[in-house]
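Assemble the whole structure, with the sequences as input and the hints as a guide.
Residue numbers (our numbering), protein chains in the order written: chain A, 57 to 386; chain B, 57 to 386.
Hints may contain errors.
The list cannot tell twin chains apart, which means a pair is met if one copy fits it or any two copies do.
Claimed, not checked - DSS-like, lysine-lysine: derived pairs with alpha carbons at most 30 Å apart:
# : residue 1 : residue 2
1 : K262      : K219
2 : K362      : K170
3 : K369      : K170
4 : K374      : K155
5 : K121      : K262
6 : K155      : K369
Rather than coming from a laboratory, the hints here were simulated on the basis of the structure.
On a predicted model such as this, the values are computed, not experimentally measured, just so you know.
Protein chains: 2
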Amino acid sequence: MGTPIPMVELWRGGMLESTHTGHAVIWGDGGIVESWGDPGAIIFPRSSCKMIQALPLIETGAADKVALTERHLALSCASHQGSALHVEMTGRWLADLGKSEADLRCGSHEPYDKAERDRLIAAGEGACQLHNNCSGKHCGFVTVTRHLGADAEYLELDHPLQKAIRAATEEVTEETVSGYGIDGCSAPNFAVSLTGLARAMASFAKAGDSGSVRERAMHRLTRAMAAHPELVAGEGRACTELMRAMDHRVTIKTGAEAVFVAIVPERRLGLALKITDGNSRASEAAVTALLARLGVLEASHPAALKRLPAPQKNCRGKITGELRLSEGFL
Amino acid sequence: MGTPIPMVELWRGGMLESTHTGHAVIWGDGGIVESWGDPGAIIFPRSSCKMIQALPLIETGAADKVALTERHLALSCASHQGSALHVEMTGRWLADLGKSEADLRCGSHEPYDKAERDRLIAAGEGACQLHNNCSGKHCGFVTVTRHLGADAEYLELDHPLQKAIRAATEEVTEETVSGYGIDGCSAPNFAVSLTGLARAMASFAKAGDSGSVRERAMHRLTRAMAAHPELVAGEGRACTELMRAMDHRVTIKTGAEAVFVAIVPERRLGLALKITDGNSRASEAAVTALLARLGVLEASHPAALKRLPAPQKNCRGKITGELRLSEGFL
Chain A
57 MGTPIPMVEL WRGGMLESTH TGHAVIWGDG GIVESWGDPG AIIFPRSSCK MIQALPLIET
117 GAADKVALTE RHLALSCASH QGSALHVEMT GRWLADLGKS EADLRCGSHE PYDKAERDRL
177 IAAGEGACQL HNNCSGKHCG FVTVTRHLGA DAEYLELDHP LQKAIRAATE EVTEETVSGY
237 GIDGCSAPNF AVSLTGLARA MASFAKAGDS GSVRERAMHR LTRAMAAHPE LVAGEGRACT
297 ELMRAMDHRV TIKTGAEAVF VAIVPERRLG LALKITDGNS RASEAAVTAL LARLGVLEAS
357 HPAALKRLPA PQKNCRGKIT GELRLSEGFL
Chain B
57 MGTPIPMVEL WRGGMLESTH TGHAVIWGDG GIVESWGDPG AIIFPRSSCK MIQALPLIET
117 GAADKVALTE RHLALSCASH QGSALHVEMT GRWLADLGKS EADLRCGSHE PYDKAERDRL
177 IAAGEGACQL HNNCSGKHCG FVTVTRHLGA DAEYLELDHP LQKAIRAATE EVTEETVSGY
237 GIDGCSAPNF AVSLTGLARA MASFAKAGDS GSVRERAMHR LTRAMAAHPE LVAGEGRACT
297 ELMRAMDHRV TIKTGAEAVF VAIVPERRLG LALKITDGNS RASEAAVTAL LARLGVLEAS
357 HPAALKRLPA PQKNCRGKIT GELRLSEGFL
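Dropping the structure here:
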């Protein structure tokens, strides 16, 4: 893998404290528009590719068969924080299918949402699978599995759903996947090049509401995510706040280990970036800077300023440091 | 600053996912024994220098005047997790001084200890300053301040305590500090070279229970930390588990933004390392590898294996990845 470039730094007391390097690619109509570091770097997209993993939900006809709304589609691409809103919606979705939380295969973890977390603890309740940040994606998986009449173990690599996701991944990235790993939610996650991921995002950007089944599916998912940022992540989170700050015109998605993608329909561009060390404070800062550079995000918007310079405040409210772009990056 | 070297990697599905670079220095009797990356890198030691910040507690006579025990000394060097044990001890310490939680200047944050966190939430109580991971250090600061009859605002740069800490830092690192930043607990944190920090740790390693006031103070703090690992961090934490795994013969301390130091009396060695990106999963893995290389930690001890290869398990207990040492480092 080629050398990444310094992208984001943490400064404290006028001195450099920590540095984050990374790779980024912007793909346009004619190929790479701009790149930093190694555009050929092979990465795990992790949750940044949830809109690719949701393609079979629409393309098999499963979504329309059970009349999923745009909100369901947004939730199927979410890494949500398990707030009451998300738990309520995923629970109802499963019930409407005649399924239950027990049909999910994502596992349970404490919700990131503080209000819901505190409610559970005060009530002496444990988290359930609906709280898992990937439960919306898994509701989509259950929907497809039920539609196909396929085996309940929908995370197996040879399950028709995972085969369809692999095929869709290779088609939209226009490359053969380099292998796979197991994601935090136990789903297979296919490794692709950063360029492939950016190219896929550009395909989503260009897709309109007429055209092939694939194009219409891409368009619906892109629009669903941008229209419902609160379902894609949650209050206070980068995806939610930045999509709102861009007036719902751009679709963005984070992935674990500091991946970030953006779909910019008005510019017919796709963007993908990976911070080498996996720290999301840096991927959030870098995507903020790149979106501002593309002219689709106001760098002075509070949601942008929160990520870059991202003042580091301690528990007494004192500013102790701040994130900065590395010299030479943008 | 010179180029760091790859030290620790996250692997998933047989592929490299994330990389952490860093610098490290081992200082012995005659100078640098071994180094990686740039030994001259200027860093903020953050909490890794708490044993330096605690020197005035002993050297002013404050500790003995109020008959602090070895346990108090360990706690004064701690980044604890705010468990009931730590809260109880710091609260009693202040009461014994005729002081209270309100005299601390560290601020409040939710304790890292899950049992105490859940207890607070279930009881509808907020965290207090005793829960702050630095409250032991601040109890030490209050003790010195009271002993000196100095101003209650003990975190000001021109306060006699902070002046004494700065002087002690320059004496044990044998260099002039490069400046300062404000730490998470609002205390000034003086920037030093990694070599200076390793040299300071070697001085702690060599200090015996006879000798100068400084040497005896260093010896007492080193022994106090190693003797009471549960006070220095807490159950499940790296400092606590690894010091126990080394039979209390070695003193280690983590600092925010991925600093780690070790004091190895039996080898008269000091060690300091900094992971460039600030991720503590990597500093814990790197210090584990370095301590094993020095022959003071069994690489096969469960506390070591937990940090390297540090299997990444998801919420269903599936291993999804693991940390590995980078090729060329050790």
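Verification of the hints:
In this homomeric assembly, K262 and K219 come within 30 Å of each other (Cα to Cα) only inside a single copy, at 25 Å, whereas the closest approach across copies is 62 Å. In this assembly of identical chains, the alpha carbons of K362 and K170 lie at most 30 Å apart whether taken from the same copy (19 Å) or from different copies (28 Å). Taking the shortest Cα distances, K369 and K170 sit within 30 Å of each other both inside one copy (19 Å) and across copies (23 Å). With identical chains, the CA atoms of K374 and K155 are at most 30 Å apart between copies only, with a shortest distance of 24 Å across copies and 49 Å within one.
Taking identical chains as interchangeable, the C-alpha atoms of K121 and K262 lie at most 30 Å apart only when both belong to the same chain, with a minimum of 26 Å there against 75 Å between chains. Taking the shortest alpha-carbon separations for K155 and K369, only the inter-copy value of 27 Å comes in at or below 30 Å, while the best intra-copy value is 44 Å.
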